[in-house]
Amino acid sequence: MNILVLLKQVPDTTEMQIDKETGTLIRAGVPTITNPDDLAGMEMALRLKDSYGANVTCITMGPPQARNMLRELYSMGADNCVLLSDMKFSGADTWATSNTLAAYIKTVDYDLIIAGRQAIDGDTAQVGPQTAEKLNLPQVTYVDDIIDISKERIIVKKALENNYEIIESSLPCVITTLSTAAKPRYMTVKGISDAFTKEIKQVSFDDLEIDPTIIGLKGSPTKVKKTFTKEVHKNSDVLHLDGKTSARKIVETLLDLNFIGK
Amino acid sequence: MYKGISFDLSEKQLLMQKLFREFSQQEVMPIAAEIDELERFPVETVEKMKTIGMLGIPFESKYGGSDGDNLTYILAVEELSKVCGTTGVILSAHTSLGANPIYTYGTEEQKLKYLIPLAKGEKLGAFGLTEPNAGSDAAMQQTVAVKDGDFYRINGSKIFITNGGYAHTYIIFAMTDKSKGTRGISAFIVDKDMDGFSIGKTEHKLGIKGSSTTELIFKDMMVPKENLLGPEGKGFAIAMSTLDGGRIGIAAQALGIAQGSLDEAVSYVKERKQFGRALSAFQNTQFTIAELQTKIDAARLLVYRAAYLKDMNKNYSSEAAMAKLFASEVAMETTTKSIQLHGGYGYTRDYPVERMFRDAKITEIYEGTSEVQKMVIASKILR
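Chains as they are written, first to last, in this note's numbering: chain D, 1 to 262; chain E, 1 to 383.
Fair warning: there could be bad hints in the mix.
[Unchecked claim] Some chain E residues near chain D, calculated using beta-carbon distances under 8 Å:
| # | residue |
| --- | --- |
| 1 | 9 |
| 2 | 15 |
| 3 | 17 |
| 4 | 19 |
| 5 | 23 |
| 6 | 25 |
| 7 | 52 |
| 8 | 62 |
[To be verified] Taking lysine to aspartate or glutamate and the EDC-like style, the derived pairs with C-alpha atoms no more than 20 Å apart in a straight line are:
| # | chain 1 | residue 1 | chain 2 | residue 2 |
| --- | --- | --- | --- | --- |
| 9 | E | 120 | D | 93 |
| 10 | D | 190 | E | 22 |
| 11 | E | 120 | D | 194 |
| 12 | E | 18 | E | 263 |
| 13 | E | 48 | D | 93 |
| 14 | D | 226 | D | 50 |
Read the hints as simulated data drawn from the structure, not as lab findings. These numbers were taken from a predicted model, which means no experiment stands behind them. Don't be surprised by glycine CBs; every beta carbon is placed ideally from N, CA and C.
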């Protein structure tokens, strides 16, 4: 079984700050991590490898420093790592990104594609589904567990808001995974020792058959005009009331604001 | 490119450090206070270290190891010890004292039989040199090994053996010829399942309470002659060179404890307010932290240098002694002052600096006291 795992190197948003003047993220000096939903997908792929034997290929599109993430994925147990990197790919929105990923995936063999549900920097949850559409594959999003897999089909548990759906799909297909689906394993010391001897396959624009107008910043229909943090307004009244009256006043206010129902 | 001296870890070592840091934070720190309080050996942590290949870091994969280097192993002991001195010494004693003598002095057959399970982490290692009457004066061995056919019959006892109660494979020293003094001492690989082997008293200690420190008793213990490690009569030399390596591990443990306690103090002084200001706003706090971090950095350079020299197959005996002497003193000073920066809270078990202070003291004592380190250093200078 050939499993492709799609992953993204993202800034660690827990350490992120926003430039109040420009409204943009201050990326300088912020550590990068592997997107948590994607790591769960990686762990699911490795568990399939442990149970059934599989070849796990990790694919990312990003700048050259994404190699660091791929080394970590080798250290966890990936069999192959591929970096799609080219100035022509940069600045891509989800549509242009999935065009690029799909163009590469068309050139390789696979039985299952696993992507994280969404990345913590953009939170769009679009790249996995779009990639599936462009490869004309069935897809199941928000996967929390793989219940069974055979040569031709997969049965997964898909999380809904308050319950689950059990879904069977033919293979190949795309599933997108939640970070809660599987706790990623640690790298191993031997894995790290070996990771630095393994090749990271580099794929650039010239290696792909792709229309240059549907990739990168220029091929992206999304145009970001401004990013900003919503301001918190504090228009508070100060009232001097006794205990009973103030309790009533609090409940009335919460009812007025629809924080609680009657 | 600039050559001559480098203060940078390689990309590979940095990634190893990241792994050890994540492992220590997520798996070791949460139970550090509990295993100290209950004096409980953390078997589950040893099992987890096995899974990620931490129990055979500096050994080749053909012997079950992880193909790392000594500096990488030292980084592991440092990161573990930042959050738990007990776990740091479990790894150090296993690797430096239990497995390394077989790696360095063992025959191919001994490596296949004993090193592979140690390096894979299937078995835990320990080292028995110290006796009630042979501490710093290790030459005064009273344990005796007498040749008896294809065996050595060993009688005697060892004390203060780290990992004693949980190890499977022990490197044991015994007199094979009393008339020759230190040249009459030999080293043996001993399996805990051998007849005549038993574990005696378990020590209750000031610190590193989760580690197992026991007495070993040998009563007509029959050790096959193929378990003689190195030539007969070379045991003392093997012990001394093994301790040279072990000292880098203990130095790394001291370094980790020091940095761990200062990290705790730094976060505390940013939170704690007195006289209307955070403690970190007082110059006394700032100067104390500056002095301590400077000393810790100096210790780190000495520790990494010793590990580097070992990796380069250069003589590192004196440098390892310097690293341990200095790092253990820095650990005592840092943990003492970290408690002081915490004030009364630091004296309670609600804050980890109290445990770190107790853990630090042993680093000035085991694998050669500070005084023994000075003997090693001076003997090289004055020879």
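A quick look at each hint next to the structure:
1. Here the hint on residue 9 of chain E is broken, as its CB sits about 13 Å from the closest CB of chain D, past 8 Å.
2. Annotation: residue 15 of chain E was flagged as interfacial toward chain D, and the flag holds, the nearest CB pair being 5 Å apart, inside 8 Å.
3. Hint on residue 17 of chain E is violated. Least Cβ distance to chain D is approximately 10 Å, over the 8 Å limit.
4. Here the hint on residue 19 of chain E is kept, as its CB sits about 5 Å from the closest CB of chain D, short of 8 Å.
5. Against a cut-off of 8 Å between C-beta atoms, the interface hint on residue 23 of chain E holds, since the closest Cβ of chain D lies about 6 Å away.
6. With a cut of 8 Å, the hint placing residue 25 of chain E at the interface with chain D is violated, because the nearest CB-to-CB distance is about 12 Å.
7. Residue-level restraint check for residue 52 of chain E holds (minimum Cβ-Cβ distance to chain D is 5 Å; threshold 8 Å).
8. The beta carbon of residue 62 of chain E comes no nearer than 12 Å to any beta carbon in chain D, farther than 8 Å, and the hint placing it at the interface is violated.
9. Our distance criterion of 20 Å between C-alpha atoms is broken by residue 120 of chain E and residue 93 of chain D, whose separation comes to about 46 Å.
10. Restraint check for residue 190 of chain D and residue 22 of chain E: the C-alpha separation of about 16 Å stays at or below 20 Å, so the hint holds.
11. Annotation: proposed proximity of residue 120 of chain E to residue 194 of chain D holds, straight-line Cα distance about 16 Å (limit 20 Å).
12. Between residue 18 of chain E and residue 263 of chain E, the direct Cα distance comes to roughly 17 Å. Compliance with the 20 Å bound is thereby established for this hinted pair.
13. The hinted pair formed by residue 48 of chain E and residue 93 of chain D fails the criterion: a straight-line CA distance of about 41 Å is larger than 20 Å.
14. Distance restraint check for residue 226 of chain D and residue 50 of chain D: the Cα-Cα separation of roughly 46 Å exceeds the 20 Å cut-off, and the hinted pair is therefore not satisfied.
In summary, the structure is inconsistent with hints 1, 3, 6, 8, 9, 13, 14 from the numbered list given earlier, while agreeing with the others.
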